[in-house]
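Chain residues, written in single-letter form:
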Amino acid sequence: MMIERRALVGAVVLGLCIAVAGLLVWGFAAPYHQRLFFTFLVNLIAVVGLQVFMGNSDITHFGHVGFMGISAYVTAILATPVAVKRSALATAPFGVNTFELSPLVAVLFAILITLAVAFLVGLMMVRQAGIAATIATVAFLVIVHVVVMNWVDLTRGPRAFYGIPPKATIGWAVATAFGAIVLARAFRDSRWGLQLRASSEDVAAASAVGVPIRKLRFAAWMLSAFIMAVAGALFTLFVGTISPKSFYFDLTFLTIAMLILGGMHSVTGAVVGCVIVTAGVETMRFLESGPVFAGAKLPEMFGLTGFFLGLVIVLSMAFRPSGLLGSDEIDDIWHRRRLRKAGVEVS
Amino acid sequence: MEYLLQQSMNALSLGGEYALLALGLAIVFSVMGLVNFAHGDMITFGGYAMFLVAAGMGIANPALLLPVGVLSVVLFAMFLEKVAFKPVRGAPPTTGMLTAFGVSILIQNVALIFVGTRAKSVPTMDFLISNVTIGSVRIPVVQILETAVTVIAIALLVVFLRRTTIGMAMRAAARDVSTVRLMGVRADRVIATAFAISGFLAGLATVFVLARRGAVDPFMGFTPVLKAFVAAVIGGFGSLPGAVIGGLVLGVAEVMMQVVLPESMAGFRDAFIFTAVGVLLLVRPQGILGERPDFGEKS
Amino acid sequence: MFKAENVSVSYGPIRAVRDVSLTVGEGEIVTLLGPNGAGKSSLISAIIGLVPKTGGRIAFRDEDVTVLGTEALVCRGMTVTPEGRRVFAELTVAENLRLGAATRGDPDGIAEDTEKFLEMFPILRRRFHSAAKYLSGGEQQMLAISRSLMSRPRFLMLDEPSLGLAPRIVDQIFEFLIQLRTWGVTMLVVEQNAGEVLEFADRAYVLASGAMQFSGTAEDLRQSGGVMEMYLGLEGH
Numbered sequence: 002m003m004i005e006r007r008a009l010v011g012a013v014v015l016g017l018c019i020a021v022a023g024l025l026v027w028g029f030a031a032p033y034h035q036r037l038f039f040t041f042l043v044n045l046i047a048v049v050g051l052q053v054f055m056g057n058s059d060i061t062h063f064g065h066v067g068f069m070g071i072s073a074y075v076t077a078i079l080a081t082p083v084a085v086k087r088s089a090l091a092t093a094p095f096g097v098n099t100f101e102l103s104p105l106v107a108v109l110f111a112i113l114i115t116l117a118v119a120f121l122v123g124l125m126m127v128r129q130a131g132i133a134a135t136i137a138t139v140a141f142l143v144i145v146h147v148v149v150m151n152w153v154d155l156t157r158g159p160r161a162f163y164g165i166p167p168k169a170t171i172g173w174a175v176a177t178a179f180g181a182i183v184l185a186r187a188f189r190d191s192r193w194g195l196q197l198r199a200s201s202e203d204v205a206a207a208s209a210v211g212v213p214i215r216k217l218r219f220a221a222w223m224l225s226a227f228i229m230a231v232a233g234a235l236f237t238l239f240v241g242t243i244s245p246k247s248f249y250f251d252l253t254f255l256t257i258a259m260l261i262l263g264g265m266h267s268v269t270g271a272v273v274g275c276v277i278v279t280a281g282v283e284t285m286r287f288l289e290s291g292p293v294f295a296g297a298k299l300p301e302m303f304g305l306t307g308f309f310l311g312l313v314i315v316l317s318m319a320f321r322p323s324g325l326l327g328s329d330e331i332d333d334i335w336h337r338r339r340l341r342k343a344g345v346e347v348s
Numbered sequence: 009m010e011y012l013l014q015q016s017m018n019a020l021s022l023g024g025e026y027a028l029l030a031l032g033l034a035i036v037f038s039v040m041g042l043v044n045f046a047h048g049d050m051i052t053f054g055g056y057a058m059f060l061v062a063a064g065m066g067i068a069n070p071a072l073l074l075p076v077g078v079l080s081v082v083l084f085a086m087f088l089e090k091v092a093f094k095p096v097r098g099a100p101p102t103t104g105m106l107t108a109f110g111v112s113i114l115i116q117n118v119a120l121i122f123v124g125t126r127a128k129s130v131p132t133m134d135f136l137i138s139n140v141t142i143g144s145v146r147i148p149v150v151q152i153l154e155t156a157v158t159v160i161a162i163a164l165l166v167v168f169l170r171r172t173t174i175g176m177a178m179r180a181a182a183r184d185v186s187t188v189r190l191m192g193v194r195a196d197r198v199i200a201t202a203f204a205i206s207g208f209l210a211g212l213a214t215v216f217v218l219a220r221r222g223a224v225d226p227f228m229g230f231t232p233v234l235k236a237f238v239a240a241v242i243g244g245f246g247s248l249p250g251a252v253i254g255g256l257v258l259g260v261a262e263v264m265m266q267v268v269l270p271e272s273m274a275g276f277r278d279a280f281i282f283t284a285v286g287v288l289l290l291v292r293p294q295g296i297l298g299e300r301p302d303f304g305e306k307s
Numbered sequence: 014m015f016k017a018e019n020v021s022v023s024y025g026p027i028r029a030v031r032d033v034s035l036t037v038g039e040g041e042i043v044t045l046l047g048p049n050g051a052g053k054s055s056l057i058s059a060i061i062g063l064v065p066k067t068g069g070r071i072a073f074r075d076e077d078v079t080v081l082g083t084e085a086l087v088c089r090g091m092t093v094t095p096e097g098r099r100v101f102a103e104l105t106v107a108e109n110l111r112l113g114a115a116t117r118g119d120p121d122g123i124a125e126d127t128e129k130f131l132e133m134f135p136i137l138r139r140r141f142h143s144a145a146k147y148l149s150g151g152e153q154q155m156l157a158i159s160r161s162l163m164s165r166p167r168f169l170m171l172d173e174p175s176l177g178l179a180p181r182i183v184d185q186i187f188e189f190l191i192q193l194r195t196w197g198v199t200m201l202v203v204e205q206n207a208g209e210v211l212e213f214a215d216r217a218y219v220l221a222s223g224a225m226q227f228s229g230t231a232e233d234l235r236q237s238g239g240v241m242e243m244y245l246g247l248e249g250h
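Quick note, the sequences are listed as chains Y, E and U, same order.
Take any residue in the first sequence, count from 1 to its spot, add 1: that is its number in the numbering used here.
Take any residue in the second sequence, count from 1 to its spot, add 8: that is its number in the numbering used here.
Take any residue in the third sequence, count from 1 to its spot, add 13: that is its number in the numbering used here.
If you're looking for bench data, these hints aren't it; they were derived computationally from the structure.
One should not assume that every hint holds.
[Stated by the list, open to error] Pairs of lysine to aspartate or glutamate residues, derived as EDC-like cross-links and limited to a Cα-Cα distance of at most 20 Å, are as follows:
hint: 1; chain 1: E; residue 1: K128; chain 2: E; residue 2: D225
hint: 2; chain 1: U; residue 1: K146; chain 2: E; residue 2: D184
hint: 3; chain 1: U; residue 1: K16; chain 2: U; residue 2: E103
hint: 4; chain 1: Y; residue 1: K246; chain 2: Y; residue 2: D154
hint: 5; chain 1: U; residue 1: K129; chain 2: U; residue 2: D75
hint: 6; chain 1: Y; residue 1: K246; chain 2: E; residue 2: D225
[Said to hold, decoys possible] Far from chain E by the CB rule (all over 12 Å, computed), these chain U residues:
hint: 7; residue: T92
hint: 8; residue: E108
hint: 9; residue: Y147
hint: 10; residue: Q205
[To be verified] Residues on chain Y that point at chain E, a partial pick, calculated with CB under 7 Å:
hint: 11; residue: V147
hint: 12; residue: M302
hint: 13; residue: P322
The beta carbon of each residue, even a glycine, is placed where N, CA and C say it ideally should be.
Just chain Y, with the same shape it has in the complex (with noise of 0.2 Å):
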């Protein structure tokens, strides 16, 4: 039980320097840097929700964001005032422009429908061994593009779905980015978090000594799936408007560089992994627009910030392929450095 306390007290340290940094952000910061902080919070929230299925069972997953889409678009269907949805969803089928539920509401339904479709989707998955299992993710990303863009009564296509209340404020995306992170941790050190690290390091001694990686890699697909679900419904309720756009490969290539750079296995890496990469973004972004440096105009050089994503994951795996962290979290680091005073060795 020492072992799950220790898990515990770490997760609530990291969630309060989140909190931390909200309270800051929210008394002091501008407007622009809120909206920053609250899109770094929903990329937070997605990493570690990625983390919980990627960090375990050691499948690459490329569909995570999938989810996010799915859950965004539901919570934008459900909340939209009536009168918008009059005009901007006319044709749309199952009656959904002659009602709107309050926003919470609307984020209850979205998480249901994202786990039913995770569920369909996990019980293939979890059958796949590792490669396959990660094509099957990309494939599910494109699926829910493909219908999503195709879909143009119920989603307005390729247009920008608008009018959605934005509700979501900084302290719940706090407080959601807090739960993320002790559900994660919890999770991870669980026995069975425990069993599925074990398993994807010796599949066949696991299953010799009677762990039931299906189930296990399951549980952590809809967990992870649950996750990005409430990143996808808090980002649409905070923007206001969204795009298919906005759950494609941009935010995929984001995550998935935040969490390698960071180091899959911990969760602390997750979340260090999505403050480095962030500021590169911003600063890259600076950069990409061509900005007056030194009383020169620089050129504008658009993909700058995608070379820049590229480069922290090729570099990450050449240099350091288990990430910043390994697989140390936060209260490990601590707790080598309190037995090393002690004048304990330790490796």
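Following the hints, complete the assembly by docking chains E and U onto the known chain Y.
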């Protein structure tokens, strides 16, 4: 009858394109365990090479552009192997796969930075986009050529793998690289050859992809290669005959969907196909010709 | 002809082989004995360059070959018949033999050698065009040794050639090795079971827990009951 012939030709040529790409993926995977997510960007590179040669050197003759396309992809594939994939050789499959994924993003964005998002047109040979009329059936030349080239390429590949020492070494290396090295065959050479072949097949595909599209853009490689990945999974990932069969199955499925789906649903085609593949994998997780995932016996 | 000095092999923190030295003279059959897990296979793999050495030097025919890779060593005339045979299961017998000769460029010589081994092991001729996975264990071992010999090595290391084979087959294989000596092939035979190898080996080494415990003539080893009993679980003669 004519309609059927036309559609079969459609299916064969499309399936051939997928088969060429899926074979390239499977060869590299079988020899070094790398899932090459940058395979599609090799097509993009070939497209840009053709564009630059056409625009920069003023070579308007499309007949000269075709070898440029194929050769540039071969060289690019070997270049990628040397710079990007050598450092992760022998690393866990995830590391290689993510490296390839990162490389793919890098290539796309380099193209974005230096050439821009807008599509650039590439001159194609007139006869490629013309039609042949057999009786009352009109069939595009590009389809006939694509089918023929696919068949020839596969036949050549089979001969190469069966008759040459390096070909045998490649088949052997799919199971046991270290024993191949004990035969005095350099692992470097086997892997470089695998990439060269994979590039050659992708180069052939590039020419046909371009003949259909007539233009290049930074993301043009994505869709064909996603299909090739799916084809490889259908056939059984890593199996060469599986890659060919998977490509054909996917080509036929796509054309059938196109025929069956009403106009208003046409946009959903890929969603339907991928879902169908998902169901297939539920019944047969290892694909058509794949082996059941062996639990940790790979030495 | 062959000399390994103070070779060490480590896997992470585990030192599998520690400062092991051994020599093999031209035309000799030397055996390397030791219990399971002694580090014999690690030592062989390190010598042929399949796993990195963490220390030591290797010389072959008066040349320092310590830093050379597997492929270069094979080209110079060293090779290994690996433990568990490791024939290329999906390839035919013919293709297995052809790959064995990958370093050679003389088609006539290759054909001649192939014929020689088919003569010697008629079963390989009957199965010439079927996949190696359909051969029995003994047949696979015959194929594996023939495959190694296709590169015309001067120095052949055999890693547990008798492993998992019926005694009758083991006799046949060992008889073949004795015959090989007359062709001028120098051999290092790694074995867990000392009994039969000692009957035809010139000299013997005993490796246990990654360190060399004994070296001497095969006769000496047979006489020293203590070593035999302690490391090889056999009564001395």
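Do the hints match the structure? See the list:
1. E:K128 to E:D225: 7 Å, holds
2. U:K146 to E:D184: Holds, at about 14 Å.
3. U:K16 to U:E103: 36 Å, violated
4. Y:K246 to Y:D154: 18 Å, holds
5. U:K129 to U:D75: The given pair, whose Cα atoms are some 31 Å apart, is violated under the 20 Å limit.
6. Y:K246 to E:D225: The hint holds at about 18 Å.
7. T92: 6 Å, violated
8. E108: 5 Å, violated
9. Y147: 15 Å, holds
10. Q205: For Q205 of chain U, whose nearest Cβ neighbour in chain E is about 20 Å away, the distance exceeds 12 Å, so it holds.
11. V147: 4 Å, holds
12. M302: Result: holds, 5 Å to nearest chain E Cβ.
13. P322: At about 5 Å, which falls below the 7 Å cut-off, the nearest Cβ of chain E leaves the hint on P322 of chain Y intact, so it holds.
Violated hints, in rising order: 3, 5, 7 and 8; the structure is consistent with all others.
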